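Chemist: Chains as they are written, first to last, in my numbering: chain U, 1 to 115; chain Z, 1 to 117.
Hints are computed from structural coordinates only; laboratory data are not their basis.
The structure displayed is predicted, hence computed values, not measured ones.
We treat Cβ as the ideally placed atom computed from N, Cα and C, and that holds for glycine.
Mixed in with the good hints there might be a few duds.
[To be verified] Far from chain U by the CB rule (all over 10 Å, computed), these chain Z residues: (1) K24; (2) G42; (3) L45; (4) M60; (5) N71; (6) A72; (7) S87; (8) L96; (9) K105.
[Said to hold, decoys possible] Examples of chain U residues lying across from chain Z (beta carbon under 8 Å, computed): (10) F14; (11) Y39; (12) Q42; (13) G43; (14) L48; (15) I60; (16) Y101; (17) Q102.
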Amino acid sequence: AQSVTQLDSQVPVFEEAPVELRCNYSSSVSVYLFWYVQYPNQGLQLLLKYLSGSTLVESINGFEAEFNKSQTSFHLRKPSVHISDTAEYFCAVSESGAGSYQLTFGKGTKLSVIP
Amino acid sequence: DAGVIQSPRHEVTEMGQEVTLRCKPISGHNSLFWYRQTMMRGLELLIYFNNNVPIDDSGMPEDRFSAKMPNASFSTLKIQPSEPRDSAVYFCASSLGGAGTGSIKLFFGSGTQLSVL
């Protein structure tokens, strides 16, 4: 079984400042890793994912995350945030094997961008 | 595409009443998931359907909860009788593929905010 820990429940940051949202996971098998974003009153949307290959993955809106197997982490970063990035961010993990369908989510980190 | 459609958006009911939540997945998707989101427990998977068949219902909290998927374009989650501790946001999500894909991209509906008084 897998588990996901998001170390910060809330992160306030000023506009145009950098941000890092931390995620650590636990699993006894190889995993796929995901970040989902939830804007107010909406469902979750996939932001980016790591399946294999390059450990650094990027989204279309400037976020990036790096898979670190030795530290079992998948932290999300953005060098300069915008007001529109205010949302809740969820890290998720699934087993990378046949028969896997279960996504295990962290409890989320609320990012508040301050003007 | 309209995305995953859930109804109602908000439901307020009294303890003991039956509640039915509805979901229309994205056309062509063959996997459907029901999740519950609470402050205390975060997002929990309740049940997973693949090709309209329930594959894993181990997350359904009690016999008061039941889910059906009579066809590829419709699913319901029913709570009977409802209790105040069932208050939460219930999300339906669909995806293309299913067991064995691993690299799941879920498309979520906007959720149903359920309040049981």
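Chemist: Hints first: check each against the structure and report whether it holds.
Modeler: Tested hints:
no.: 1; hint: K24; verdict: holds, 13 Å
no.: 2; hint: G42; verdict: violated, 4 Å
no.: 3; hint: L45; verdict: violated, 6 Å
no.: 4; hint: M60; verdict: holds, 14 Å
no.: 5; hint: N71; verdict: holds, 20 Å
no.: 6; hint: A72; verdict: holds, 17 Å
no.: 7; hint: S87; verdict: holds, 17 Å
no.: 8; hint: L96; verdict: holds, 12 Å
no.: 9; hint: K105; verdict: violated, 5 Å
no.: 10; hint: F14; verdict: violated, 26 Å
no.: 11; hint: Y39; verdict: violated, 10 Å
no.: 12; hint: Q42; verdict: holds, 6 Å
no.: 13; hint: G43; verdict: holds, 3 Å
no.: 14; hint: L48; verdict: violated, 11 Å
no.: 15; hint: I60; verdict: violated, 14 Å
no.: 16; hint: Y101; verdict: holds, 5 Å
no.: 17; hint: Q102; verdict: holds, 6 Å
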